[in-house]
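Protein sequences appear in the order of chains U and V.
Position 103 of the first sequence, counting from 1, maps to 103 under my numbering, and the rest follow consecutively.
Position 7 of the second sequence, counting from 1, maps to 7 under my numbering, and the rest follow consecutively.
FYI, nobody ran anything at the bench for these hints, they're computed from the structure.
Incorrect hints may have been included.
Simulated restraints, written as ranges between beta carbons of each label pair [claimed, not checked]:
(1) U:Gln42 to V:Val12: 31 to 41 Å
(2) V:Lys14 to U:Lys65: 29 to 39 Å
(3) U:Arg43 to V:Gly63: 39 to 49 Å
(4) V:Gly53 to U:Arg43: 40 to 50 Å
(5) U:Leu10 to V:Asp26: 43 to 53 Å
(6) V:Thr20 to U:Lys73: 25 to 35 Å
(7) V:Pro83 to U:Lys9: 32 to 42 Å
(8) U:Glu54 to V:Ser80: 22 to 32 Å
(9) V:Gly63 to U:Lys9: 23 to 33 Å
(10) U:Ala17 to V:Gly53: 27 to 37 Å
(11) U:Lys9 to V:Gly51: 28 to 38 Å
(12) U:Arg41 to V:Thr86: 34 to 44 Å
(13) U:Thr5 to V:Gly63: 20 to 30 Å
(14) V:Asn28 to U:Pro111: 21 to 31 Å
With a straight-line cut-off of 30 Å between C-alpha atoms, the simulated DSSO-like cross-links for lysine-lysine are [as the list claims (entries may be wrong)]:
(15) U:Lys9 to U:Lys57
(16) U:Lys9 to U:Lys103
(17) U:Lys73 to V:Lys14
(18) U:Lys57 to U:Lys103
(19) U:Lys15 to V:Lys14
(20) U:Lys22 to U:Lys65
(21) U:Lys103 to U:Lys73
(22) U:Lys103 to V:Lys14
A virtual CB, placed ideally from N, CA and C, is assigned to each residue, including glycine.
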Amino acid sequence: AQRVTQPEKLLSVFKGAPVELKCNYSYSGSPELFWYVQYSRQRLQLLLRHISRESIKGFTADLNKGETSFHLKKPFAQEEDSAMYYCAPNENSNSGYALNFGKGTSLLVTP
Amino acid sequence: NAGVTQTPKFQVLKTGQSMTLQCAQDMNHEYMSWYRQDPGMGLRLIHYSVGAGITDQGEVPNGYNVSRSTTEDFPLRLLSAAPSQTSVYFCASSSTATSYEQYFGPGTRLTVT
């Protein structure tokens, strides 16, 4: 069964517009949640994690346990934000050996 | 410090051939994983390891074998390649010291004809 849902395969926004990439999970308990990003011709890298509650490159993500969501948001999108974004809950953060990635959302920011 | 390295970068195989994708990390990470990336499917976990000598299956293990004889290396073996294994393969490592942040290799693009 699908445990991570990223409903949008492709999201296209104009530069300067707000952007929200959706992620819903169906794990029980309290998984640790990550957002990873893959820019063109680069390797996957961590963007942010919910535990740290930080803002990276203007992106934030709030864990909503009631809605089981971890949406990624940025108030003003930039062209350099164009990339593939993956939501990744880790059901058992005590092991930390692997992540169950969503199918990803391709973000395209146009001028 | 090279991080996570993978070889080869590209490979073309014929159906039925076998090969090994190499993965190495120099960060002394306990955990290593293999993923495949396919359009519309995202990243799917093939196999993972929590330490030398310990491996386990992920979501899509069929047709692949792994071993972890050292902390540094985690090769992925395709026993008899099939066109369905055409994909981009990523190796990743993580550690308690990095709060489980996954460090990815550059990937291997495999085509099976």
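Would you pick out the hints that fail for this structure and give their numbers low to high? Hints 1, 2, 3, 4, 5, 6, 7, 8, 10, 12, 14, 17 and 19 are the ones this structure does not satisfy, whereas the remaining hints hold.
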